[in-house]
Structures are given as structure tokens and as C-alpha cells.
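Given the structure of chain A, go ahead and fit chains B, C and D onto it with the hints provided.
Residue numbers (this note's numbering), protein chains in the order written: chain A, 1 to 176; chain B, 1001 to 1153; chain C, 2001 to 2099; chain D, 3001 to 3088.
Think of the hints as simulated: they come from the structure by calculation, not from any bench.
This one's a predicted model, so the numbers in the text were calculated from it and none came from an experiment.
Be aware that a few hints might be false.
Computed list of lysine-lysine pairs in DSS-like fashion (alpha-carbon distance at most 25 angstroms, straight line) [what the hints assert, rightly or not]: (1) K1059/B - K1141/B; (2) K3002/D - K2059/C; (3) K24/A - K3080/D.
Heads up, incomplete: computed chain A residues facing chain D, CB under 8 angstroms, no partners named [what the hints assert, rightly or not]: (4) I21; (5) M27; (6) S28; (7) S35; (8) L42; (9) W46; (10) A49; (11) A53; (12) G62; (13) L69; (14) L102; (15) A105; (16) A106.
Where a beta carbon is used, it is the ideal one built from N, C-alpha and C, also for glycine.
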Amino acid sequence: MTFANEIPLLLLLLVTAAGAILVKDLMSAVLLLGSYSFTLSLVWAWLGAVDVAFVEAVVGAGLATVLFLLTLFGTAPKDTRLRRPPPSLTTLIVFPLLGVLLLYAANDLPGFGDPNSPASVHISPSYLEQSYQDTHTPNVVTSVLMDYRSLDTMVETVVIFTSGIACALLLRRQSK
Amino acid sequence: MALFVFWVLLSASFEWIHLCLGLVCSFIVAWINSGHSPFVPKSRLAVRVLLYLPWLFYKIVQSSLHLSKLILHPALPIAPQLMTVESRLNHHAAVVLFGNSITLTPGTITAEVDRNTLIVHAMDQELGEDLAGGKKEMETKIADIFRDVEPDL
Amino acid sequence: MTILSIAFIVAGLFFLVVAAIGVIRLPDVFCRSHAVSLTDSLGAFLMLLGIAFYEGLDKNTLKILVVLSLLYILNPVIAHATIRAALRSGLKPWRKETP
Amino acid sequence: MKTFLFCVLVLLVILIGVYLYRVLQGPTIFDRVLGLNGISTKAIILLIVMGLYFERVDMFIDISTGYALLNLVGALAVNKYLEEKGAP
Chain A
1 MTFANEIPLL LLLLVTAAGA ILVKDLMSAV LLLGSYSFTL SLVWAWLGAV
51 DVAFVEAVVG AGLATVLFLL TLFGTAPKDT RLRRPPPSLT TLIVFPLLGV
101 LLLYAANDLP GFGDPNSPAS VHISPSYLEQ SYQDTHTPNV VTSVLMDYRS
151 LDTMVETVVI FTSGIACALL LRRQSK
Chain B
1001 MALFVFWVLL SASFEWIHLC LGLVCSFIVA WINSGHSPFV PKSRLAVRVL
1051 LYLPWLFYKI VQSSLHLSKL ILHPALPIAP QLMTVESRLN HHAAVVLFGN
1101 SITLTPGTIT AEVDRNTLIV HAMDQELGED LAGGKKEMET KIADIFRDVE
1151 PDL
Chain C
2001 MTILSIAFIV AGLFFLVVAA IGVIRLPDVF CRSHAVSLTD SLGAFLMLLG
2051 IAFYEGLDKN TLKILVVLSL LYILNPVIAH ATIRAALRSG LKPWRKETP
Chain D
3001 MKTFLFCVLV LLVILIGVYL YRVLQGPTIF DRVLGLNGIS TKAIILLIVM
3051 GLYFERVDMF IDISTGYALL NLVGALAVNK YLEEKGAP
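The shape of chain A in the complex, shown without the other chains (with noise of 0.2 angstroms):
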């Protein structure tokens, strides 16, 4: 089994995910998601993927939680009780099924690392011989987002940027 090592990071995952939408207070589960992507971080981590296990931790960890907590400070009435109404029967049906479909399309996805998946027999050992010759980085995941796909990352940039700006507008408290 590949995956026996990851069991016990993987079930604090999923308790902190459901203790995030379980919880009642939106500051705890705030600060639950806090915790959730900082075990996501470490379940990247121990995958292997630094960079995304970084990434998790600045922006989930770091930045979201700020910024939830500027939008909490911004608008939190004094009663922050959420009243959730009980799942319709659709969502009962759906959503299972959905899982189901999921988990049979996964089936048929390679193996993790197999060597004589069709990702890693000709895409990846390209990117990783060439990518030094033609961009000078010495990150390969720096060198793929930032060079091969700068203009895909560009607009993504744009489009955080405009959101996070729209987001400043909305949540700019009334100086008066």
C-alpha cells in the first residue's frame, strides 16, 4: 500500500474540514480552516511538492485568514449563529452519486509515480531536461509557471488582482 503513511495526516484532514463546517462560530471555523491548511501543507510536504506545500502555507494559512478576519471585522453582525437549513433530498442523491462517479473515474487514472504513465514518459522528462537550457532557473515549477506558461500566469494574476480590488472596494469601511 502507497499510501499507508499519509493515513494519519489525511484523517486530520478530513477532521478539520468537517469541524470547519460543523462548527457554529464563524471566527472557530476561521480559524479551523487555519488549521486545515496547514495539515494540507504538511500532507504536500510530505508528498514531496515544497513549492505547493509553500504556497499552501502563505496563502491559506497566512493569507486567508487575515483576510477572512478583515471581511469578519468588516461585517459580522453581533449574532454569528448560522442556521442551516437540512439537505433536500436532490442533494442527497446527487451528491453521493457524484462521489461514486468520481471514485470509478479515478480507476482508471495511472498509478501514483508510475513510471509508464503517458505524464511521466514524455512531457515530464522533456520539461526537466530542457528547461534549464532554455530558461536559466534553476526551478523547474518556477521556470514551467513563469516562462512556458507566462501569459496563462498573467492573466490568472490579473484576475486575483481585479478580485482582490473589487473585494477592497466593497469592504472599505465608511471613514465618517
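Structure of chains B, C and D alone, referenced to chain A:
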């Protein structure tokens, strides 16, 4: 300067272009933040603080053992209390160092600082006594560190 | 060297476990924060010292020491901020019932 | 040594679970903040031990430094918020 040392420690690469970049960055950050820091560290002060650290570590070990004994004790014999400690330190950095040392020592935590009066939450009577009596020692040491800095509080 | 580092790591683990027990057992925020500070100050110190011994002397060890000093500077700040917020929002410290 | 490090890793994950109990259970919001602080300290140690386990300490140290700083930012923001608004 300290920022530059920090940069070198973090990047740990000694190619000169990285070093120059770090130098420029640390100067920019220092320039932006200049005028906010309440005190400019002097080298003799830093040496004295370094000499203070082993003693602090000894205190930390001592009170850690005491606290773990308290926690593992089946009857949980704790008597937490709030106490007010008035120090005679008259320097911002000295009070900060004092509060930080108190918090770092297990069993006592600084809860509120107002000029040089600290409200401290202590775990039990003995640790509290330590603060009133024994930590006069800590205060004396810190006052000794800051003895030739003019007071600003 | 390996034996020494294992000894340090085990000692650090002991303090971490004690702190976790304290976090579960102690009655209120103020007391629990003492347990957390126990972890931060001694447990982390011993663990990281053991790891640094195992690594030997190179730049990684230096970085471990940087992380350690960051922990030592930042964690009291966090503990103090938490306790101050708890105190200012009107939480009363737990007291043993005196008859 | 490898096995020993693995045991240390598992034990640290269990300790994170213990703190998580405090975060989930905590009667007041400050308990949760405290638990989060404990979790992130454990995560820093866990990352470094993990780096030792994979023998790539240089990569993992950087993340743990980032963790330590982010932890400070997050906890200070939470506490400022709580100080100004009062506990819910």
C-alpha cells in the same frame, strides 16, 4: 545590517549577485522602517544580552521540570493566580526583554504591560514566589544589561 | 553523535507529550497557555538541537538555529497577545474552589 | 535512524491530533487560538523532522521559517480582532 546577515543566513548562497541583491533589499527595508524602532542596538548591549541568555535557559529548564511535575501529578495541584509586578526598569527595550523572559519561562505569562507595571499570570504559589523573590534576580540582571543606556520611560 | 541526537530528540518528545497532556487536562485558557509555552520553549529547543547535532555543522544547521531563534522571539509574543486578548475581553482566570 | 525518525513523525502527528481536539472542543475562542498556535509549532518541528527523513533539510527549512512568520501574523491578527470586538 542585521537584516543583511539574516538574508545571508536564509539564502545561504554566496554568489556576489545574490549578496548585492540582499544588500540592496535590506537597505531599502531598513530605510522604510527607519524612525519606527524605539532603540538602536549597540554592539556592547548585544554582547550582554547574549551573555544573559544561558542564565535564562537555566531558569527555563528549572521551571519546565517543575511545571511538568505539576501537570503529570494525578491530583493536578495547581493554584493559578494573577499578580502585579512593578519593576524598576526604565527603558522600553528592557521592559520588553523582561516581559519576554517572563513569558518564555514556563509557568508564568505576562498578561498586561503598562509602562513598567506588569500583570503576570502564574501557575502556582511557588512560581509566583519565584517571580516576586527570585525573579528580582532576573530584573537585576536586565537592569545590569541596560545600565548605561539613558532612560526613556 | 547519533546517540546524543537521539537522546536530545527523545527528551524533547517527552516535553511535547507532557505539554499535550497539559493542554487536555488543565482547566482554562490561562493555564493551557502555560502548557503551550512549555512546548515552545523547551520541547522545540531540545528537538531542534538534537536534529542540529545529527546534521553536523553546515549551513542547514545554521538555518535550524535561525528557525529556533525565530520561535524563541515570536512565541512569547503570540502567547502574550492571546492572554492579553483573553484578559481584556473579560475572561476570569480559573480558581480552585476554596471552601 | 530512519525507523526512529518515522516513529517521531507519527508521534508528532498524534500530538497534532491532540491539539486539534482542543481546537475543536475549546470552550472559548482563545482555546482555539492557543490550539492553532500549538499546531503550527508542531508543524514546524514536523517539517524539519520530515526534511531529515527525506535527507533534504535545505528545502524544508525554508517552509518552516515561513510557517513561523505566518503563524505570528495570523495569531496577531486574530488577537487584535478579538481585542477590539470582544469575545463572541
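Right, here's what the structure says about each hint:
The hinted pair formed by K1059/B and K1141/B meets the criterion: a straight-line CA distance of about 13 angstroms does not exceed 25 angstroms. Distance hint between K3002/D and K2059/C is fulfilled; the C-alpha atoms sit about 22 angstroms from each other, no more than 25 angstroms. Restraint check for K24/A and K3080/D: satisfied, since their Cα atoms lie roughly 22 angstroms apart, inside the 25 angstroms limit. About 12 angstroms separates the beta-carbon of I21/A from the nearest beta-carbon of chain D, more than 8 angstroms, and the hint is not met.
At its closest, the beta carbon of M27/A sits 6 angstroms from a beta carbon of chain D; the interface hint therefore holds under the 8 angstroms criterion. With a least beta-carbon distance of about 5 angstroms to chain D, the hint placing S28/A at the interface is held under the 8 angstroms criterion. Interface restraint check for S35/A: the shortest CB-CB distance to chain D comes to about 5 angstroms, inside 8 angstroms, so the restraint holds. Nearest Cβ of chain D to the Cβ of L42/A: about 6 angstroms, under the 8 angstroms cut. The hint holds.
Against a cut-off of 8 angstroms between C-beta atoms, the interface hint on W46/A holds, since the closest Cβ of chain D lies about 6 angstroms away. Against a cut-off of 8 angstroms between C-beta atoms, the interface hint on A49/A is violated, since the closest Cβ of chain D lies about 11 angstroms away. Nearest Cβ of chain D to the Cβ of A53/A: about 6 angstroms, under the 8 angstroms cut. The hint holds. Hint status for G62/A relative to chain D: holds, with the closest Cβ pair at about 4 angstroms, below 8 angstroms.
Of the supplied interface hints, the one on L69/A holds, with its beta-carbon coming within about 5 angstroms of a beta-carbon of chain D, less than 8 angstroms. With its C-beta approaching chain D no nearer than about 27 angstroms, L102/A sits outside the 8 angstroms limit, and its interface hint is violated. For the restraint placing A105/A at the interface with chain D, the shortest Cβ-Cβ distance is roughly 30 angstroms, beyond the 8 angstroms limit, so the hint is violated. At its closest, the beta carbon of A106/A sits 25 angstroms from a beta carbon of chain D; the interface hint therefore is violated under the 8 angstroms criterion.
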